[in-house]
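Undergrad: Please model the complete structure; the sequences and the hints are all you need to start from.
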Amino acid sequence: MKSFLIVGLGSFGHHLCRALAEQKCEIMAVDRDGENLEDILSLVVSAKVGDCTHEEVLRSFDVGSFDACFVCLGDNNVLDSLQITSLLKELGARKVFSKADDDVQAKFLLRNGADEIIYPELEVASNIAVSESSDSIFDCIRLTADYSIYELAPMKRWLGRSLKELNFRVKYNLTVIAAMRDGVVRPNLSPDYLFKEEEHLLVLGRIEDIRRVVR
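Numbers in the working numbering are just positions in the sequence shown, counted from 1, shifted up by 57.
No lab work stands behind these hints, which were simulated from the structure alone.
Check before you lean on any hint, since a few could be wrong.
[As the list claims (entries may be wrong)] Subject to a maximum C-alpha distance of 30 angstroms in a straight line, what follows is the list of computed DSSO-like cross-link-like pairs (lysine-lysine):
no.: 1; residue 1: Lys-164; residue 2: Lys-59
no.: 2; residue 1: Lys-105; residue 2: Lys-81
no.: 3; residue 1: Lys-59; residue 2: Lys-146
no.: 4; residue 1: Lys-59; residue 2: Lys-81
no.: 5; residue 1: Lys-152; residue 2: Lys-81
no.: 6; residue 1: Lys-105; residue 2: Lys-146
All values derive from a computational prediction rather than experimental measurement.
TA: Okay, here's the thing in C-alpha coordinates:
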(Lines of atoms letter the chains of each structure in order from A; the text may use other names.)
(Lines give C-alpha, C1' and ligand atoms only; values in the text may rest on other atoms or scores of the structure.)
Protein backbone atom coordinates (compact mmCIF):
# COMPACT_ATOMS: atom_id res chain seq x y z
CA MET A 58 0.00 0.00 0.00
CA LYS A 59 1.43 3.35 -1.02
CA SER A 60 1.56 6.34 1.30
CA PHE A 61 1.34 10.03 0.46
CA LEU A 62 1.72 13.40 2.12
CA ILE A 63 -0.68 16.16 1.03
CA VAL A 64 0.21 19.71 2.04
CA GLY A 65 -2.71 22.10 1.62
CA LEU A 66 -6.34 21.01 1.80
CA GLY A 67 -8.00 23.51 -0.47
CA SER A 68 -10.35 22.41 -3.23
CA PHE A 69 -7.74 20.48 -5.21
CA GLY A 70 -6.18 18.98 -2.08
CA HIS A 71 -9.58 17.67 -1.01
CA HIS A 72 -10.28 16.10 -4.40
CA LEU A 73 -6.83 14.50 -4.44
CA CYS A 74 -7.26 13.19 -0.92
CA ARG A 75 -10.58 11.55 -1.74
CA ALA A 76 -9.25 10.07 -4.98
CA LEU A 77 -6.23 8.55 -3.22
CA ALA A 78 -8.42 7.21 -0.42
CA GLU A 79 -10.62 5.46 -3.01
CA GLN A 80 -7.45 3.70 -4.19
CA LYS A 81 -6.85 2.47 -0.61
CA CYS A 82 -3.73 4.59 -0.15
CA GLU A 83 -2.42 5.76 3.22
CA ILE A 84 -2.54 9.55 3.48
CA MET A 85 -1.19 12.17 5.84
CA ALA A 86 -2.87 15.55 5.32
CA VAL A 87 -1.48 18.85 6.61
CA ASP A 88 -2.99 22.33 6.59
CA ARG A 89 -2.55 25.55 8.57
CA ASP A 90 -6.30 25.68 9.22
CA GLY A 91 -7.76 22.81 11.21
CA GLU A 92 -11.22 23.44 9.75
CA ASN A 93 -9.92 22.38 6.33
CA LEU A 94 -9.11 18.94 7.74
CA GLU A 95 -12.40 18.16 9.45
CA ASP A 96 -14.23 16.57 6.53
CA ILE A 97 -11.35 14.30 5.47
CA LEU A 98 -10.51 12.84 8.90
CA SER A 99 -12.19 9.53 8.04
CA LEU A 100 -10.11 9.24 4.86
CA VAL A 101 -6.61 9.74 6.22
CA VAL A 102 -4.23 7.93 8.53
CA SER A 103 -3.12 11.21 10.06
CA ALA A 104 -4.22 14.86 9.87
CA LYS A 105 -1.94 17.60 11.18
CA VAL A 106 -2.38 21.32 11.70
CA GLY A 107 0.89 23.03 10.89
CA ASP A 108 2.81 25.55 8.81
CA CYS A 109 4.97 23.56 6.41
CA THR A 110 7.10 26.57 5.51
CA HIS A 111 8.90 25.81 8.79
CA GLU A 112 11.55 23.12 8.35
CA GLU A 113 10.99 21.65 11.82
CA VAL A 114 7.33 20.96 10.96
CA LEU A 115 8.17 19.04 7.78
CA ARG A 116 11.08 17.28 9.45
CA SER A 117 8.70 15.86 12.06
CA PHE A 118 6.75 14.07 9.32
CA ASP A 119 9.69 11.95 8.07
CA VAL A 120 8.92 13.00 4.48
CA GLY A 121 11.32 10.47 3.01
CA SER A 122 9.03 7.65 4.13
CA PHE A 123 6.23 8.68 1.75
CA ASP A 124 6.03 7.41 -1.82
CA ALA A 125 5.27 10.98 -2.94
CA CYS A 126 4.47 14.38 -1.50
CA PHE A 127 1.92 16.79 -2.96
CA VAL A 128 2.11 20.56 -2.50
CA CYS A 129 -1.45 21.76 -3.13
CA LEU A 130 -1.51 25.33 -1.87
CA GLY A 131 -3.88 27.89 -3.37
CA ASP A 132 -3.29 30.71 -5.83
CA ASN A 133 -2.23 33.24 -3.21
CA ASN A 134 0.52 31.09 -1.72
CA VAL A 135 3.07 30.87 -4.51
CA LEU A 136 6.04 31.78 -2.33
CA ASP A 137 4.98 29.25 0.29
CA SER A 138 4.66 26.58 -2.42
CA LEU A 139 8.20 27.34 -3.58
CA GLN A 140 9.56 27.15 -0.04
CA ILE A 141 7.75 23.94 0.86
CA THR A 142 8.76 22.28 -2.40
CA SER A 143 12.40 23.14 -1.76
CA LEU A 144 12.28 21.96 1.87
CA LEU A 145 10.66 18.65 0.93
CA LYS A 146 13.49 17.85 -1.49
CA GLU A 147 16.14 18.94 1.02
CA LEU A 148 14.59 16.66 3.64
CA GLY A 149 14.72 13.64 1.34
CA ALA A 150 11.28 13.44 -0.26
CA ARG A 151 11.31 10.74 -2.95
CA LYS A 152 9.00 12.58 -5.34
CA VAL A 153 7.34 15.99 -5.11
CA PHE A 154 4.27 17.05 -7.11
CA SER A 155 3.59 20.78 -6.92
CA LYS A 156 0.42 22.55 -8.04
CA ALA A 157 0.85 25.50 -10.40
CA ASP A 158 -1.55 27.85 -12.13
CA ASP A 159 0.69 29.00 -14.98
CA ASP A 160 4.00 28.33 -16.70
CA VAL A 161 5.86 30.97 -14.70
CA GLN A 162 4.96 29.30 -11.40
CA ALA A 163 5.82 25.92 -12.89
CA LYS A 164 9.27 27.10 -13.98
CA PHE A 165 10.17 28.30 -10.49
CA LEU A 166 8.70 25.23 -8.79
CA LEU A 167 10.80 22.98 -11.02
CA ARG A 168 13.89 25.02 -10.17
CA ASN A 169 13.05 24.60 -6.49
CA GLY A 170 12.96 20.83 -6.75
CA ALA A 171 9.51 19.80 -7.94
CA ASP A 172 9.64 16.53 -9.84
CA GLU A 173 6.33 17.09 -11.59
CA ILE A 174 3.91 19.99 -11.99
CA ILE A 175 0.14 19.65 -11.62
CA TYR A 176 -2.05 22.06 -13.61
CA PRO A 177 -5.56 21.11 -12.42
CA GLU A 178 -7.46 24.08 -13.91
CA LEU A 179 -5.43 24.16 -17.11
CA GLU A 180 -5.89 20.44 -17.73
CA VAL A 181 -9.64 20.58 -17.16
CA ALA A 182 -9.96 23.63 -19.41
CA SER A 183 -7.83 22.01 -22.13
CA ASN A 184 -9.83 18.77 -22.03
CA ILE A 185 -13.14 20.62 -22.30
CA ALA A 186 -11.84 22.80 -25.12
CA VAL A 187 -10.63 19.76 -27.09
CA SER A 188 -13.80 17.72 -26.66
CA GLU A 189 -16.23 20.58 -27.27
CA SER A 190 -14.41 21.97 -30.32
CA SER A 191 -15.14 18.87 -32.40
CA ASP A 192 -18.25 16.71 -32.85
CA SER A 193 -15.96 13.70 -33.31
CA ILE A 194 -13.99 14.01 -30.03
CA PHE A 195 -15.89 12.94 -26.91
CA ASP A 196 -13.22 12.91 -24.22
CA CYS A 197 -9.53 13.55 -23.65
CA ILE A 198 -7.11 12.26 -21.00
CA ARG A 199 -3.82 14.13 -20.95
CA LEU A 200 -0.78 11.92 -20.36
CA THR A 201 2.08 14.34 -21.05
CA ALA A 202 2.49 17.80 -22.52
CA ASP A 203 2.49 16.23 -26.00
CA TYR A 204 0.40 13.05 -25.80
CA SER A 205 -3.17 12.32 -24.74
CA ILE A 206 -5.74 9.56 -25.11
CA TYR A 207 -8.77 10.68 -27.12
CA GLU A 208 -12.20 9.12 -27.37
CA LEU A 209 -13.17 9.41 -31.03
CA ALA A 210 -16.10 8.46 -33.18
CA PRO A 211 -14.81 6.54 -36.22
CA MET A 212 -14.67 8.53 -39.44
CA LYS A 213 -17.15 7.41 -42.10
CA ARG A 214 -14.27 6.61 -44.45
CA TRP A 215 -13.00 4.00 -41.94
CA LEU A 216 -16.23 2.05 -41.47
CA GLY A 217 -16.03 -1.58 -42.49
CA ARG A 218 -12.27 -1.37 -43.03
CA SER A 219 -9.56 -2.88 -40.85
CA LEU A 220 -6.63 -1.37 -38.97
CA LYS A 221 -4.31 -3.33 -41.25
CA GLU A 222 -6.04 -2.23 -44.43
CA LEU A 223 -5.86 1.44 -43.43
CA ASN A 224 -2.26 1.09 -42.21
CA PHE A 225 -3.61 3.24 -39.40
CA ARG A 226 -0.53 3.90 -37.28
CA VAL A 227 1.68 4.81 -40.22
CA LYS A 228 -0.93 6.84 -42.10
CA TYR A 229 -2.21 8.89 -39.17
CA ASN A 230 0.68 8.73 -36.65
CA LEU A 231 -1.88 7.54 -34.07
CA THR A 232 -2.34 4.32 -32.12
CA VAL A 233 -5.76 2.76 -31.53
CA ILE A 234 -5.52 1.23 -28.06
CA ALA A 235 -9.13 0.09 -27.59
CA ALA A 236 -12.68 0.12 -28.89
CA MET A 237 -15.56 1.11 -26.61
CA ARG A 238 -19.28 0.47 -26.75
CA ASP A 239 -21.89 1.22 -24.06
CA GLY A 240 -19.15 1.89 -21.53
CA VAL A 241 -17.43 -1.45 -22.15
CA VAL A 242 -13.79 -1.14 -23.25
CA ARG A 243 -12.23 -3.77 -25.53
CA PRO A 244 -8.42 -3.41 -25.63
CA ASN A 245 -5.73 -5.29 -27.58
CA LEU A 246 -7.42 -4.98 -30.95
CA SER A 247 -6.06 -7.22 -33.69
CA PRO A 248 -4.83 -5.82 -37.03
CA ASP A 249 -8.00 -7.32 -38.53
CA TYR A 250 -10.31 -5.22 -36.32
CA LEU A 251 -13.05 -3.62 -38.45
CA PHE A 252 -14.20 -0.10 -37.63
CA LYS A 253 -17.88 0.00 -36.62
CA GLU A 254 -20.22 2.97 -36.51
CA GLU A 255 -21.64 2.01 -33.11
CA GLU A 256 -18.22 1.88 -31.41
CA HIS A 257 -15.97 4.67 -30.22
CA LEU A 258 -12.19 4.44 -30.30
CA LEU A 259 -9.59 5.22 -27.66
CA VAL A 260 -6.67 6.66 -29.59
CA LEU A 261 -3.23 7.64 -28.30
CA GLY A 262 -1.52 10.53 -30.03
CA ARG A 263 -0.80 14.23 -30.34
CA ILE A 264 -3.56 16.80 -30.71
CA GLU A 265 -2.19 18.07 -34.02
CA ASP A 266 -2.47 14.55 -35.50
CA ILE A 267 -5.97 14.15 -34.07
CA ARG A 268 -7.04 17.44 -35.62
CA ARG A 269 -5.77 16.35 -39.03
CA VAL A 270 -7.94 13.25 -38.79
CA VAL A 271 -11.18 14.91 -37.65
CA ARG A 272 -10.87 18.09 -39.72
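Undergrad: If a hint holds in the structure, say so; if it does not, say that too.
TA: Here's how the hints hold up against the structure:
no.	hint	in the structure
1	Lys-164 / Lys-59	holds (28 angstroms)
2	Lys-105 / Lys-81	holds (20 angstroms)
3	Lys-59 / Lys-146	holds (19 angstroms)
4	Lys-59 / Lys-81	holds (8 angstroms)
5	Lys-152 / Lys-81	holds (19 angstroms)
6	Lys-105 / Lys-146	holds (20 angstroms)
Of the numbered hints given earlier, the model fails none.
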